[in-house]
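Novice: The numbers in my numbering rise by one with no breaks, and the one at position 120 of the sequence shown is 124.
Bear in mind the hints are in silico, worked out from the structure with no lab data behind them. Since this is a predicted model, take the numbers as computed values, not measurements. Warning: the hint list may mix true and false statements.
As the list claims (entries may be wrong) - Ranges between beta-carbon positions, derived for each pair:
#1 R97 <-> I33: 34 to 42 Å
#2 R97 <-> E49: 36 to 44 Å
#3 P154 <-> M5: 27 to 35 Å
We put the CB at the ideal spot given by N, CA and C, even for glycine.
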Amino acid sequence: MLSILTNQKADSFNNAFFENSARADTAIIFENSEPDEMQLNAFKEFFGSNFKGTGNAHKTLVLTANGENAKVRIEDLSKVSDISFEKLKNLNRDEIIAAHGVPPRMVGVMTAGQLGGSGEVTGQLHSFNELTIIPKQEQIEWFFDSIGYPIKLKPIDVSNFKDDL
Numbered sequence: 005m006l007s008i009l010t011n012q013k014a015d016s017f018n019n020a021f022f023e024n025s026a027r028a029d030t031a032i033i034f035e036n037s038e039p040d041e042m043q044l045n046a047f048k049e050f051f052g053s054n055f056k057g058t059g060n061a062h063k064t065l066v067l068t069a070n071g072e073n074a075k076v077r078i079e080d081l082s083k084v085s086d087i088s089f090e091k092l093k094n095l096n097r098d099e100i101i102a103a104h105g106v107p108p109r110m111v112g113v114m115t116a117g118q119l120g121g122s123g124e125v126t127g128q129l130h131s132f133n134e135l136t137i138i139p140k141q142e143q144i145e146w147f148f149d150s151i152g153y154p155i156k157l158k159p160i161d162v163s164n165f166k167d168d169l
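I would like the entire structure built from these sequences, with the hints used as guidance.
Specialist: Put into structure tokens, the structure is as follows:
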């Protein structure tokens, strides 16, 4: 599932922040001189091999140049500001939970404004049972019956959910 892969990539990107000097992507540029052809090729090779993938995130590039009045300036190359990783991970978590048909509260996800009492939990458990568990139990029972091993799975009693959790 793409959400799981994206979560893993976000973790790798954040981990690379600490492995690669714990600073943002920057370039150190020497002014008042032009790189020669060999340096341009070296830049292309460096960017092509060192700045691809999450493991290479947050690396710093040092550009050297020759010249009498050479100056050094430091510039940010990029910033990740479109979506914070916390929001991204929460979005991915919610998509993964929804893909399995599980009410978020049943896996410990509580959000402000949705902190109802046990009646809410009972309602969510009832819906989860009716919409997810019972159909899956029926599929399993049908499969085993079709291969000559009939089984009957125990239904979940949602009237007293504490006994079943």
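Novice: Does each hint fit the structure? Answer for all of them.
Specialist: Tested hints:
no.: 1; hint: R97 <-> I33: 34 to 42 Å; in the structure: 40 Å, holds
no.: 2; hint: R97 <-> E49: 36 to 44 Å; in the structure: 39 Å, holds
no.: 3; hint: P154 <-> M5: 27 to 35 Å; in the structure: 33 Å, holds
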